[in-house]
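Trainee: Sequence:
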Amino acid sequence: MESKFQPLFESLTLPNKVELKNRFVLAPLTHVSSNDDGTISEEELVYMEQRSKDVGLAISAASNVTDLGKAFPGQPSVAHDSDLEGLKRLAKVMKKNGAKAVVQIHHGGAQALPNLTPNGDVAAPSPISMKSFGEQEAHDAREITVEEIHESIKAFGEATRRVIEAGFDGVEIHGANHYLIHQFVSPYYNRREDEWGQDRLKFALSVVDEVTSTVKTHADESFIVGYRFSPEEAESPGISMEITEELVKHLIDKPLDYLHVSLMDIYSTTREGKYKDQQRVELLHEWIDGRMPLIGIGSIFTAQQALDAIENTDADLIALGREILLDHNFVSKIVEGKEDEIISQFDGTRADKHELPIKLWTQFNNAFYPLPRTDGK
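Residue numbers (the numbering used here): 1046 to 1422.
Don't take each hint at face value.
[Claimed, not checked] The following label-pair restraints were derived from C-beta to C-beta distances: (1) Gln1243 to Phe1178: 29 to 35 angstroms; (2) Glu1182 to Pro1300: 41 to 47 angstroms; (3) Ser1048 to Arg1236: 16 to 22 angstroms; (4) Gln1243 to Thr1347: 43 to 49 angstroms.
[Unchecked claim] In silico DMTMM-like links for lysine to aspartate or glutamate, alpha-carbon gap of 25 angstroms or less: (5) Lys1062 to Asp1310; (6) Lys1199 to Glu1188; (7) Lys1049 to Asp1361; (8) Lys1299 to Glu1327; (9) Lys1049 to Glu1356; (10) Lys1066 to Asp1372; (11) Lys1247 to Asp1112; (12) Lys1404 to Glu1088; (13) Lys1098 to Glu1055; (14) Lys1299 to Asp1244; (15) Lys1378 to Glu1356; (16) Lys1066 to Glu1094; (17) Lys1321 to Asp1310; (18) Lys1247 to Glu1290; (19) Lys1137 to Asp1081; (20) Lys1140 to Glu1094; (21) Lys1404 to Glu1094.
None of these hints come from the bench; they were simulated from the model. From a predicted model like this one, the values you see are computed outputs, not experimental measurements. In this text, a Cβ means the ideal position worked out from N, Cα and C, and glycines have one as well.
Using the sequences and the hints, build the whole thing.
Mentor: In structure tokens:
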């Protein structure tokens, strides 16, 4: 390995004293490859073992905590005790080579898909119509009831218990990307007039409290709890950096082990407001004030880009998303001095299909996600 890449391979100790072997994180990536009932598939096990093998922290695909919250075809479930057998197998393969294995716990809210939920029911903080994952037509979401709010909070706790029982090292609370927790924080999605709308952080912080309380009851101090969030949204009125500042300053007072910002570009800047044009990661680092590590992500496709991100942003850890799908040997190639052999473009003609599950490869081939490609689509 070239010595200049050494900063990427320094260990990092989380607030709970767990040590990560390097600065690479497998991002939570939607793979649409679990069984139809949400249990773990054989194809998924192979895929997750490949993508977890070289990173310090591996995060599973968003896993629904209730049937009402299912937002993707082929989404893994942590909603039922019957999911445990497959989850135990998943934990084993993700941890096989020394990564700390974390399950991202998730509820789709307004973005749940009617064709996947019981009776086609979709619930959100406030009524809304929208298109979600792969939909051609908008669907309607009703207002979630107060009773269902409490049930959802409890479901995040129960999902955490299952993750603990399955042998994982932690959970990541999915508070990003326009899903239920994000929706409660957002003035665009949350127009309620009750306590859950008057205090838009209440639901998110209640979920954090439920999860950390469950961990205290069922696990030891080595169990990791992280939180992912989107710092801004394009909708108006939407989540602003000022709202995110308030959220972050509450989160750093919770017994969390890291925060994970969801970005398409790790160098992106703030859209508007008093922080307009300032780098988001830099602001977040300032607000976190050394209390816990920050995971950065966004458009890292080469070894040099990964190095630049760890050296030139304030992120403590670098998550690999689309790139580690293109080449699951990304990290090992750096170690072996073969960084020039890293595959950084999607090539639909490859016989090995980038060693992706077939449904995920098909999405890539159809240009479902933006990424560098050899065909210019």
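Trainee: Has the given pair, Lys1140 with Glu1094, been kept, meaning a C-alpha gap of at most 25 angstroms?
Mentor: Holds - the C-alpha atoms of Glu1094 and Lys1140 are around 8 angstroms apart, at most 25 angstroms.
Trainee: Do the alpha carbons of Lys1404 and Glu1088 lie within 25 angstroms of each other, as the hint requires?
Mentor: holds, 10 angstroms
Trainee: For the pair supplied as a hint, Lys1137 and Asp1081, is the alpha-carbon distance within the 25 angstroms limit?
Mentor: Holds - the C-alpha atoms of Asp1081 and Lys1137 are around 22 angstroms apart, at most 25 angstroms.
Trainee: Take the C-alpha atoms of Lys1066 and Asp1372, compute the straight-line distance between them, and say whether it is at most 25 angstroms.
Mentor: holds, 20 angstroms
Trainee: Quick check: does the Cβ-Cβ distance between Glu1182 and Pro1300 fall within 41 to 47 angstroms?
Mentor: Given about 43 angstroms between the Cβ atoms, the range holds.
Trainee: Do the alpha carbons of Lys1247 and Glu1290 lie within 25 angstroms of each other, as the hint requires?
Mentor: Distance ~15 angstroms between Lys1247 and Glu1290 Cα, so the pair holds.
Trainee: What's the verdict on Lys1066 and Glu1094, does the C-alpha distance respect the 25 angstroms limit or exceed it?
Mentor: Given pair Lys1066, Glu1094 holds - Cα atoms ~17 angstroms apart, limit 25 angstroms.
Trainee: Next pair to validate is Lys1049 with Asp1361; report whether the Cα-Cα distance is within 25 angstroms.
Mentor: This hinted pair holds, its Cα atoms lying about 17 angstroms apart.
Trainee: Is it true that Gln1243 and Phe1178 lie within 29 to 35 angstroms of each other by Cβ?
Mentor: holds, 31 angstroms
Trainee: So if I understand the rule, the pair passes when the alpha-carbon distance is 25 angstroms or less; does Lys1247 with Asp1112 pass?
Mentor: holds, 23 angstroms
Trainee: Check the hint pairing Lys1299 with Glu1327 against an upper bound of 25 angstroms on the C-alpha distance.
Mentor: holds, 21 angstroms
Trainee: Given the hint that Lys1199 pairs with Glu1188, does the C-alpha gap stay at or below 25 angstroms?
Mentor: Distance ~18 angstroms between Lys1199 and Glu1188 Cα, so the pair holds.
Violated hints, listed in ascending order, are 3 and 5; each of the other numbered hints is respected by the structure.
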